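Novice: Listed in order, the protein sequences are those of chains A and B. First residue of the first sequence? That's 1 in our numbering, and the numbers climb one at a time after it. First residue of the second sequence? That's 1 in our numbering, and the numbers climb one at a time after it.
Careful: at least some of the hints might be erroneous.
[To be verified] List time: in silico BS3-like cross-link candidates among lysine-lysine, alpha-carbon distance up to 30 Å:
| no. | chain 1 | residue 1 | chain 2 | residue 2 |
| --- | --- | --- | --- | --- |
| 1 | B | 144 | A | 198 |
| 2 | A | 164 | A | 198 |
| 3 | B | 144 | A | 164 |
[Stated by the list, open to error] Per the computed footprint, the stretches of chain A lying under chain B, defined by three or more beta-carbons under 8 Å from a beta-carbon of chain B, are:
| no. | stretch |
| --- | --- |
| 4 | 157-169 |
| 5 | 292-302 |
Simulated from the structure, these hints should not be mistaken for lab results. These figures come from a predicted structure and were not determined experimentally. Beta carbons are placed, not taken as given, at the ideal position from N, Cα and C, and that holds for glycine.
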Amino acid sequence: MGPLARRRDGPAAAGRGLRVSATAARPASDLRLSARERAQTDQMVATMAHLIEDGDFLAEGIGTFLPTAAYMLAKHTHAPNCTSLCPNGNSLMSGTRTLTLGHDEFDTVPRAEVWLDYMQINLMYMPAIFLGGRPRWTEFMRPAQIDPTGATNNICIGPHERPKVRFPGAAGIPDASVAARRFYYYAPRHARQLFVPKLDFCSGAGHPGAGAEGNPRTIVVVTNLAVLASGPSGRLRVTHLHPGVERAEVADATGFTLDWSPDLATTTPPTDDEIRRLDRNIDPLGLRFLEALTGAARRERLRALVTEGARA
Amino acid sequence: MDGRELNADKRAGLGEALAGVRDGHRVAFGGMTLYRRPVAAALALAAAGRRGLEIVSLTGGLETDLLIGAGCVRRVRSCYVGLEVVGFAPHFTRGVQQGTLELVEETEYTLSYAVQAATMRVPFLPMRGDLARTDLLRVRPDLKTFACPLTGAPLIAVPALRVDVAILHATAADRFGNCHLQGQLALDPHLPTVADVTIVTAERIVETAELRAMGGVQLSGVFVSHVVEAPGGSLPTSCVPHRRLDVAAVLDYAEAAAEPAAWARWLAAATDRQRPVEACA
Chain A
1 MGPLARRRDG
11 PAAAGRGLRV
21 SATAARPASD
31 LRLSARERAQ
41 TDQMVATMAH
51 LIEDGDFLAE
61 GIGTFLPTAA
71 YMLAKHTHAP
81 NCTSLCPNGN
91 SLMSGTRTLT
101 LGHDEFDTVP
111 RAEVWLDYMQ
121 INLMYMPAIF
131 LGGRPRWTEF
141 MRPAQIDPTG
151 ATNNICIGPH
161 ERPKVRFPGA
171 AGIPDASVAA
181 RRFYYYAPRH
191 ARQLFVPKLD
201 FCSGAGHPGA
211 GAEGNPRTIV
221 VVTNLAVLAS
231 GPSGRLRVTH
241 LHPGVERAEV
251 ADATGFTLDW
261 SPDLATTTPP
271 TDDEIRRLDR
281 NIDPLGLRFL
291 EALTGAARRE
301 RLRALVTEGA
311 RA
Chain B
1 MDGRELNADK
11 RAGLGEALAG
21 VRDGHRVAFG
31 GMTLYRRPVA
41 AALALAAAGR
51 RGLEIVSLTG
61 GLETDLLIGA
71 GCVRRVRSCY
81 VGLEVVGFAP
91 HFTRGVQQGT
101 LELVEETEYT
111 LSYAVQAATM
121 RVPFLPMRGD
131 LARTDLLRVR
141 PDLKTFACPL
151 TGAPLIAVPA
161 LRVDVAILHA
171 TAADRFGNCH
181 LQGQLALDPH
191 LPTVADVTIV
201 TAERIVETAE
211 LRAMGGVQLS
221 GVFVSHVVEA
231 PGGSLPTSCV
241 PHRRLDVAAV
251 LDYAEAAAEP
261 AAWARWLAAA
271 TDRQRPVEAC
281 A
């Protein structure tokens, strides 16, 4: 069951909903989220943090506040010896920092141990780490579509030559997905549009199937409702439900028939200490909550954050 | 003279430096997404009315999107074009969806291998064949699969990629084109080795000794053709340690780019603000 969880039927799970922090600096209404959505976001951060092991090589995305908050939380708590690869400034950095809206390089560059260029990342560090297997690489990617094997799409909806929707692109996901044994995704909005029976374009390799060669051997997806991981057949199956989430809600929000782990468990909720660290030390601006928003609400929240930053 | 002599004074005005960029050229931009992008140079190319450019950018941001919006771009070669936290790059997204913009779907590895092959003057570099487990090869017929002559394992030949012009923005440079780069180095130290012409815009042009004091030279002037003093030439993208990313200005950009009349006003105002850079250089 690993570090994530208690047994679903265990005593600690009884009657517990998602925990809302008593020390929360920002009310959910300011974040344009419901109280449940706010708590789900912190549950995701805590669950991702719990998947990190001490000594991991933590590769950050850019503007991916949820996993970056999780990396910092892990470094604050059980995994202080992780090294972060910070794309804003392409530097290797130990220690923790506070999340910023687009100014991370002003914190990472002066505090880095090593500065790299992208050729060193792509032709040296990543091949050595992915294929050499040391140190343990951990990164959470956010896909636009996931299929039952855990294959993903960050390219387009509709035909590639004339798509209905074009996404920014898959960046290094295609390279990493076929080289890493273990691949993590996160999904702040568990929905049928995300979990689809068939991808419009495969830009992240799925599990190759039982007995077949190739990576990744394990795919884990942390959503706002549940945790899914590759089962013995290679298909994703639900291994954990977040506190207060029922099977039916996950099944309804998934566009294919789900497999369920026989050891289905409940994820460990964030502790008060973890939430305090997130609100006070790691992400006082509440940037991690941006990832739960889309469209006009997201733009309005961004404007509010920029105005707030200009006043500070 | 192409200005590549080691001890030549390579200072030029922005317009003069960019005069070598022709319609149809393949142009690589330094920096990454919203960090140390040569935005002033991109605006000058838009104002000059260049057409049919192929833009090469490991990750494209505002500089690439504004050139698409100004009608300068035929093809983009990248693995990500967007505005990060602000969201989609509006002109890129629309251009691909409407079929008016050609896109070469790169990954971080394919573009890095392509530049490295061009640097080494070999026709291709072999990449492990596992990428065939995604749909990438289906949209990249130029990436050919072959059997390794030593082990028989499947490999992919990633063709070398040369560019006509590389344009970078530096934290500081001297008059010989030696550059001090900070923060996100991206592909900057490598692009000039695959470009016929390299144009550097710099926050400041200083004496060589001052570059040493700042932390040294990350790109030698031997590869640089022209150096242009352009304070704020990366804005609204960042330039460590002088300029922070102006997120409000990127939000303004995204809103303007969503609507034709607002876009025309944004582009006119932005190119107008460029004139002082041009004049003082």
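Novice: None of the hints should be skipped; say for each whether it holds.
Specialist: We went through each hint and held it up to the structure:
1. 144/B to 198/A: holds (26 Å)
2. 164/A to 198/A: holds (16 Å)
3. 144/B to 164/A: holds (28 Å)
4. 157-169: holds (count 10)
5. 292-302: With 3 residues closer than 8 Å to chain B, the stretch 292-302 of chain A meets the three-residue bar; holds.
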